[in-house]
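Participant: One-letter residues, chain by chain:
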Amino acid sequence: MIPQTFEYTAPKTLDEAMVLLEGGGKPLAGGMSLIPMMKLRLATPEHLIDLGRIKDLDYIREAAGELHIGATATHSSVENSALVKAKCPLLAAAAGAIGDPQIRNVGTMGGSVAHADPAADYPAALQALEAKIVIRGAKGERTVSAADFFVDAFTTTLDAGEVVREVVVPVEQAGTGTSYMKMPQPASGFAIVGVAVRVRRGGGKITLARIGVTGLSNIGYRASAAEKALEGSAGTADDIMKAAALVTQGVDANSDLHASAEYRKHLASVYAARAITAAASKA
Amino acid sequence: MKINLTINGKKYSPDVEPRLLLIHYLRDVAGLTGAHIGCETSLCGACTIEVNGKSVKSCSMFAVQADGADVLTIEGLAQDGKLHAMQEAFWNQHGLQCGFCTPGMIMACKAILDHNPNPSDDEIRHGIEGNLCRCTGYQHIVNSVKAAAAAGAGK
Amino acid sequence: MATTIIQTEKLVGKRIRRREDPRLITGTATYVDDIQMPGMHHAAIVRSPHAAAKIRSINIKAAAEAPGVVAVFTGKDTEKVGPVPCGASLPGLRVPHHYILAIDRVYLVGHPVAVVVATDRYLARDAADLVEVEWEVLPAVADPEKAIAPGAPPVHPQWPDNVAFVYHQEGGDVDKAFAEAEVVVKQRITSQRLIPSAMETRGVLAEWRGADRQMTLYTSTQIPHLVRTLVSGMLGLEENRMRVIAPEVGGGFGSKLNVYSEEALMGFVSMKIGKPVKWIESRRENFLCTIHGRGHVDYFEVAAKKDGTILGIKLKLIQDQGAYHQLLGPAIPTLSVLMMPGLYRTKNVRAEIVGVFTNCTPTDAYRGAGRPEATHGIERMVDILADELKMDPAEIRLKNFVHNEEFPFPTATGLTYDSGDYAAPLQKAMGIVDYKKLLAEQAEARKQGKLMGIGICTYGEICGFGPSPATPAGGWECGTVRVEPSGKVTVLTGSCHHGQGEETTFAQIAADELGVDIDDILVLRGDTAIVPYGIGTFGSRATAIGGTALYFALQDLKVKIKKFGAVLLGSPDVSFANGQVTCNKMGKSVSFKEVAAASYRAMKLPPNTEPGLVSTHFWEPPNFTFGFGAHIAVTEIDPETGQITVRRYLAVDDCGNIINPLLVDGQVHGGVAQGMGQALWEQGVYDDNGQLITGEYTDYAMPRAHMMPWIQSEHTITPSPVNPLGVKGVGEAGTIGASPSLVNSVVDALSHLGVRHIDMPMTPEKIWKLVAGGKN
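If you read the sequences in order, they're chains A, B and C. Residues 1 to 283 (the numbering used here) make up the first sequence, in order. Residues 284 to 438 (the numbering used here) make up the second sequence, in order. Residues 439 to 1214 (the numbering used here) make up the third sequence, in order.
One or more hints might be untrue.
[Claimed, not checked] The list that follows gives simulated cross-link-like pairs (lysine-lysine, BS3-like), each with its CA atoms no further than 25 Å apart: (1) B:365 with B:285; (2) C:998 with C:448; (3) A:85 with B:337; (4) C:926 with C:1026; (5) A:55 with B:337; (6) B:285 with A:26; (7) C:785 with C:837; (8) C:926 with C:452; (9) C:754 with C:624; (10) C:1026 with C:998; (11) C:614 with C:452; (12) B:429 with C:785; (13) B:337 with A:12; (14) A:242 with C:888; (15) C:743 with C:785; (16) B:365 with A:12; (17) C:996 with C:448; (18) A:55 with B:294; (19) A:55 with B:285; (20) C:888 with C:828; (21) A:242 with C:837; (22) C:885 with C:744; (23) B:294 with A:12.
[Said to hold, decoys possible] Negatives, chain A to chain C, calculated, CB over 10 Å: (24) 47; (25) 63; (26) 83; (27) 225; (28) 237; (29) 253.
[Stated by the list, open to error] Covered by chain A, per the in silico footprint, the following chain B stretches (three or more residues, Cβ under 8 Å): (30) 287 to 300; (31) 338 to 349; (32) 364 to 370.
Source of the hints: derived by calculation from the structure; they are not laboratory data. Being a predicted model, the structure only gives us computed values, none of them experimental. Glycine is no exception: its CB is placed at the ideal position from the N, C-alpha and C atoms.
Extracted from the complex, chain A is given alone in its bound form (with noise of 0.2 Å):
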């Protein structure tokens, strides 16, 4: 219940940060993750740099064609802005499907997508919406795909000193469908399995499918053969069911004591099927 001591250093702006975390320090954004294993003393950080005071990192925004969510915009800004529920109504269904409305009034965008849990809601729907993910370290800024930033469990892209400036994510166009899906794990309430769906039609076709998949495996991942399979089809539950069992393709599949790799690969097909259907009965 206790944490080891630490030092702690919360600056004004991204810059101070940049200096001191390239001295080594550890970000905090809401701490939801980082806090109850500081708590249990699985986490140790010797300098906690606290980003919750850099005012230019929490914002929900619009420009290009894009929503930019600041790396400190907490779930319930995202899952509750008129903006995201009217441009990107995906990602607002995911924030919702975070934790319970405590947790998601402090944790991040930000702070969750660099924590890289396998289990966690976000992944999902960031690889679905093809996010960007901006990058900024002490050189300067880069910005890398969802496809490309999670890399492991808990591992990201992110060097040591670098950290999440923003996420982006792109307006949905008129005539996308989307639906996030996935089953709880009963005590912790992390995604056992969680799958996020876009669908858009076109000329009685499906024209895109983008389909995102989270708790299933060590990282949120893309679902390319069930997309391609969807893609071109009429989109009939016959061929939602023959691309939804192909979401598992591939994968090799978590086993705890909540679900076994065959139950989670089955309910991935499950989840996938009732999401596009979903998604698609709004496209």
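Following the hints, put chains B and C in place on chain A, whose structure we already have.
Facilitator: Same frame as chain A, but now just chains B and C:
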């Protein structure tokens, strides 16, 4: 580290160790023992308070993070000796038994109505999914929120 | 004459909001961790990370030198403190010596090996990490059936077979029953380990005042007096010099019906350092170091006639005791045996319990304590028998119930069921849910390929623990009524409620008997310096026994009130009602308040009467009380995911007379939630090395609001003849009724696929596999 915060309308300027959890500051230093500690994994909600108008789990926040914040705890809910409608509703509806989860539960329930003055049963149940109660089976808590809503407790 | 509020409307039976709530809803109640004292120190306990290991050495140097640390103690320091007591006595019971800190070997993860005492809780925690223990890790065993298999590592080296005890009980002629049976059904049924998980973890604050040779021990307990008796004994302190206070207690569910090493350890530390010292259990410690519940593997056999008449029951019960016996551990499975015939008439039963040591947390009383396990077993078996005989589960139950004219009914296990109308709640429940219509709906659902189940459980439970010969440490309770000179009434009870609401229900009883305003009554409990003695709150006993003790104290008091009233009125011909002593002949009366004042002023005493108005009654119950009821659960299963939806949950409970229906509803809801938790989500799971995998809320799935269905609570009322209040008990009823009705419901939903039994918790994966494979 010197911090300033307002708790239940009263100003505090303590010098705290960075690792001091906000819940420990409230309970052990400020003497506000209403919020409780029920776990260390941010999953029970017994420590729920409001920071700048938002419900948070004060066991998963350092006191230094609350520097400059306006904090409301269960002790600050009643005004001028009059119980908040949610407290009154918990009392009338038997929304508590052992009482340990209750301060956090009442704060979480208040937050539901702050955003949604007339929630459905399902919205109430999801609104308190971050708060464990081992005694009531939650039913009388749901009734309490409905009664408070009917009494106009929502903003 | 002074104005007096006269209470004429009876309060017993009314839905009254609780009198204890104002402090709880304002955050001003005082739990152990809310208490601070001048000079108070904090303790952190160093615990074993291994389930079985020898301690080669402990180095406390770095810890002792750490900032703020005033003392570090290990098992060598506390060796002379008496062992953590086991209050259960069974023939041949093997009781390992349970040191409060390990000496040279640990037997479970979380086993305490050292205590670090510092000026601040953060510093104590820091220093605990500096205690260096050199371990020699040994093989462990965490499964009771593996533990009694040949070649298993011994938990305690002196007992290589890991058997803690073997207990037999038999009634009637079981062999004859099975020989005459037309059908025998058998099933292995488990009742998994559960973690009680009161929302307030345990906590202890010990304050030793050496000059006075007195100790005050604040502890979150259900049994303050027993803690005083036993912990003072462990410490070698005279019992009258220890005061135990259970302040506000944040739930117990049996887990605080115990005496724990930390209670004696804090007493020991406070005596050593001469300062108050506090220890608050972390949630992780609560998972590892506070008792667990259940932990059964049951092999049931039921013999019956083709018409469904049950002829006999056999049970082999393997009880996972864990590494030690806590206060009542070995006694708990014996309650399962007592309760194994359920509500049924059969007189032929045979049971064998094998209590098994494992390198796990000790099991002991958890809400229901032996009775949910028994009820789960027999109610599953009755459904399996019904399935075998193609009978309706309701019909087979009605056929086998004890008949109304048979009460008091002596059971095959030596109990005497006090009163009952066992068909009544079942019939009421069937009427409320429209059972026939449900069956038709289910048939239709099946045609459409949907999985819908209807599950019935009819249960009986031993409430009101209990007659002293049958209850370790005594089964009576104490009640005191003290009328103050001003006429205000203080009730002292040996019951030690921790959420049940006796500050309200006991005040209702006292208000009715004395005819005073309920606001004039204060109910106190939980302090050994205030209450004469008490057994405590557990086993659905507070109202049945504590309430009855209070009732009799009130009767004694009323006699004295009349005596004083007669003196004041100058007439021996008086009655006492509605707060007035009245002489009808004279047409005069005096108020209760006037009588109280006169009794203390003592200007004129009635013959052979002491001044004052105080009465204490220790009530010994002549029997247990036996609540009963019927629960019906309607479930639907998602065949693709295996997820279970509880569409409807109805509890019809008969707990005898009801003092406060609002509070009874609360008890039922909470009880059902815990039973549903066992049926659907909760499980204490160890790996083969004795590590508790579900050792935090991250993996131990507690019921949350959005997981719970609406619970409908209804009643039949059959007063108990055992006590004058006619009450039985309801604290555990919901838990007992819930798990069988839910499992029966889900098995019913899958029965056409050949499924006959499902072990708990019924996780979606388990159900999905059954749907996919159609097997059990």
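Participant: All hints are to be evaluated individually against the structure, with a verdict given for each.
Facilitator: Hints, verified against the model:
Taken as a hint, the residue 365 (chain B) and residue 285 (chain B) pair is broken in the structure, with Cα atoms around 34 Å apart against an allowance of 25 Å. The straight-line distance between the Cα atoms of residue 998 (chain C) and residue 448 (chain C) is roughly 22 Å, inside the 25 Å bound, and the hint therefore holds. Taking the CA atoms of residue 85 (chain A) and residue 337 (chain B), the gap is about 20 Å. The hint holds against a cut of 25 Å. Restraint check: the Cα-Cα separation between residue 926 (chain C) and residue 1026 (chain C) comes to about 23 Å, which is no more than 25 Å; the hinted pair holds.
This hinted pair checks out: residue 55 (chain A) and residue 337 (chain B) have alpha carbons roughly 18 Å apart, not beyond 25 Å. The straight-line distance between the Cα atoms of residue 285 (chain B) and residue 26 (chain A) is roughly 21 Å, inside the 25 Å bound, and the hint therefore holds. The straight-line distance between the Cα atoms of residue 785 (chain C) and residue 837 (chain C) is roughly 15 Å, inside the 25 Å bound, and the hint therefore holds. The suggested pairing of residue 926 (chain C) with residue 452 (chain C) holds, with an alpha-carbon distance near 22 Å, which does not exceed 25 Å.
For the hint linking residue 754 (chain C) to residue 624 (chain C), the alpha-carbon distance of about 11 Å falls within 25 Å, and the restraint holds. A threshold of 25 Å between alpha carbons decides the hint, and for residue 1026 (chain C) with residue 998 (chain C) the separation of about 18 Å falls inside it, so the pair holds. A C-alpha spacing of about 51 Å is found between residue 614 (chain C) and residue 452 (chain C), which places the hinted pair above 25 Å, so the restraint is violated. Between the alpha carbons of residue 429 (chain B) and residue 785 (chain C) the distance comes to roughly 50 Å, so the proposed pair goes past 25 Å and is violated.
For the given pair, residue 337 (chain B) sits about 22 Å from residue 12 (chain A) by alpha-carbon distance, which is consistent with the 25 Å threshold. Restraint check for residue 242 (chain A) and residue 888 (chain C): the C-alpha separation of about 23 Å stays at or below 25 Å, so the hint holds. Between the alpha carbons of residue 743 (chain C) and residue 785 (chain C) the distance comes to roughly 14 Å, so the proposed pair stays at or under 25 Å and holds. This hinted pair does not check out: residue 365 (chain B) and residue 12 (chain A) have alpha carbons roughly 41 Å apart, beyond 25 Å.
A distance of roughly 17 Å separates the Cα atoms of residue 996 (chain C) and residue 448 (chain C); the hinted pair therefore holds under the 25 Å criterion. Annotation: proposed proximity of residue 55 (chain A) to residue 294 (chain B) holds, straight-line Cα distance about 24 Å (limit 25 Å). Of the supplied pair hints, the one linking residue 55 (chain A) and residue 285 (chain B) holds, its CA atoms being roughly 21 Å apart against a limit of 25 Å. Using a Cα cut-off of 25 Å, the hinted pair residue 888 (chain C) and residue 828 (chain C) holds, with the two alpha carbons roughly 21 Å apart.
Between residue 242 (chain A) and residue 837 (chain C) the alpha-carbon distance is near 52 Å, which puts this suggested pair outside the 25 Å criterion. At roughly 29 Å between alpha-carbon atoms, residue 885 (chain C) and residue 744 (chain C) are farther apart than 25 Å, so this suggested pair is violated. Proximity of residue 294 (chain B) to residue 12 (chain A) is assessed by CA-CA distance (about 23 Å); at most 25 Å being required, the pair is judged to hold. Residue-level check passed: residue 47 (chain A) sits 18 Å from the nearest beta carbon of chain C, beyond 10 Å.
Against the 10 Å criterion, residue 63 (chain A) stays outside the reach of chain C, whose nearest CB is about 37 Å from its own CB. Every beta carbon of chain C lies more than 10 Å from that of residue 83 (chain A), the smallest distance being close to 28 Å; the non-interface claim holds. No Cβ of chain C comes within 10 Å of the Cβ of residue 225 (chain A); the nearest lies about 21 Å off, and the non-interface call holds. With a minimum CB-CB distance of about 14 Å to chain C, residue 237 (chain A) clears the 10 Å threshold, and the non-interface call stands.
Every C-beta of chain C lies more than 10 Å from that of residue 253 (chain A), the closest at about 13 Å, which supports listing it as non-interface. Under the rule that three or more residues need a Cβ within less than 8 Å of chain A, the assignment of the stretch 287 to 300 of chain B is violated, with 1 such residues. Against chain A, the stretch 338 to 349 of chain B contributes 9 residues with a C-beta closer than 8 Å to a partner C-beta. That satisfies the three-residue criterion, and the hint holds. Here the stretch 364 to 370 of chain B counts 0 residues with a CB under 8 Å from a CB of chain A, which misses the bar of 3, and the coverage is violated.
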